[in-house]
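A.B. asks: This is what each chain is made of:
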Amino acid sequence: MSELRELYQELILDHSKNPRNLREIAGARHADGNNPLCGDKATIYVKLKGDLIEDVSFVGRGCSISTASASMMTEALKGRTTAEAEALFERFHDLVTGDPSKPHRDAQGLGKLAVFAGVCEFPVRVKCAALAWHTLRAALKDESAPVSTE
Amino acid sequence: MSVLETGRQKDALDVAQVRADFPILAAKAHGKPLVFLDSAASAQKPRAVIEAEARMYAESYANVHRGVYELSVKATDAYEGARATVQRFLNAASTREIVFVRGTTEAVNLVAGSYGRKHVGAGDEVLITGLEHHSNIVPWQLLCEATGARLRVVPITDAGEVPLDEVERLISARTRIVSVAHVSNALGTLLPVKEIVRVAHGRGVPVFVDGAQSAPRLPIDVREIGCDFFAFSGHKAYGPSGIGALYARAEHLEAMPPWQGGGDMIASVSFERTTYNEIPYKFEAGTPNIAGAVGLGAALDYLTGLGLERVAAHEDDLLRYGTDALSAIPGLTLVGTARHKAGVLSFVLDGVHPHDIGTVLDYEGIAIRTGHHCAQPVMDRFGLPATARASLGVYNTREDIDALAAGIRKVQEMFR
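Protein sequence lines, in the order shown, are assigned to chains H and G. Per this note's numbering, the first sequence runs over residues -9 to 140. Per this note's numbering, the second sequence runs over residues 23 to 438.
Heads up, simulated DSSO-like pairs for lysine-lysine below, C-alpha to C-alpha not over 30 Å straight-line:
1) H:Lys102 / H:Lys131
2) H:Lys131 / H:Lys92
3) H:Lys102 / G:Lys432
4) H:Lys7 / H:Lys102
5) G:Lys432 / H:Lys31
6) H:Lys31 / H:Lys7
7) H:Lys37 / H:Lys131
8) G:Lys432 / H:Lys7
9) H:Lys102 / H:Lys37
In silico contact screen, one side only, chain H against chain G (beta carbon under 8 Å); selected entries:
10) Leu(-6)
11) Tyr(-2)
12) Leu3
13) Leu27
14) Cys28
15) Gly29
16) Asp30
17) Arg51
18) Gly52
19) Cys53
20) Ser54
21) Phe112
22) Arg115
23) Cys118
No lab work stands behind these hints, which were simulated from the structure alone. These numbers come from a predicted model, not from an experiment. Built from N, CA and C at the ideal position, the CB exists for glycine as well.
All chains should be modelled from the sequences, with the hints used to inform the complete structure.
C.D. replies: Okay, structure coming up:
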């Protein structure tokens, strides 16, 4: 049960029930992502000013992990550069996959996103946590083809 | 009434004995006794099946239909014996009407690729229903794309039923085949296949019945149903994965062109001309899943030994008990409320995604399926991304249902 509590931290439950930045951004670049395993869908909107992420938001529905991940991602990225976003995704990905060969398992520099550390104990849920980030990457590249976690 | 009392009823299934036949039920999941409620995805295996397959490899394995030596004769006898078991299980008229396949999916592909390619042309129609598994949708879509035919779909009701008059309405002069599930894997709906066959045959249209969910749960008599084709998978019927059977009426098999070419399906081969083997071998190219077929035979013997009427009555009792138990939980909505159902309890909870339900229940030792159940059009019909699905097997008890209900309440507490 303790691993379950690790996964479903209060902060994650809060963001899943009350997602932040759950809205469209008119005219912004965006990308669609979906996780066929559970039917989760997310559209990520990014408004750039040069290299700077001026605004970022999402629309979609999914499990608590994917919704909280999208919500907290948007909070973490506002005001960052695209390069910083990319670096953060790499750290986040290392954290949730729990790959011991990767350097960033310690959640250093992840701030609030460190609450997703419990996901690595649930391999089938890694895709839920990563969906928003993969979709963000596509939005930044302005890719039109939908992103799938499969 | 407790399970024990039910078990003492005259002629009821002895569930305690059944549970003892399945070694995996002694396993723990996250330190808790395993409550396995995912038999619609794949059922667990009784010792009789595990041992039959092992014994085949240990004592009588060789390739079939080939050797002059004793082992090959033994292996062939065992393989063909399994075919006879399938024939009796389905009450087919002859073993010539039983084709071994990998599973229901391959059977649909075989019929779409052989019968379909021969009889379905541009402007023709294939009729399915709105509750089909992807395996009874995509092979027909591939056929339609290749031939210029049109896939038509009988809409389902809010309860998840397939109205017979809608089937009748959608059969046109261009309909070349009707393909329907016997029991819906996502909703549990039991379709009136006998009536569908009567209506379709009245218009001269053959019917394929996907029996993946019905064969493990209900007595099957293909001649009483009257269908042209019937398929099921071994792994859902307590047998091995990678083996299943297609029943097809002999006159269809005789007239159908081969589907896959290779060894064993031929009578003679030269570079100028090849003639094909007799049915059913014409449709079994290459070395088959020999031990799998023997394991399937053992599984069907096991089910027949329990008695399919008893199995059906047992699951029906659990389905009613489970329907009442889940309906009593505030915030829970059952998806699929047809009057006639078998084996499946699909549901959603207010404010909790099915994936989260599955993860929390897993920690209680309860295995259920969450997702779209390979039936995305069904999810779309109900406006849901996914459902949680508990499905029943011969080894399930009322205590399993009680554990599920208690687990769901824990989920609700966690996500309150």
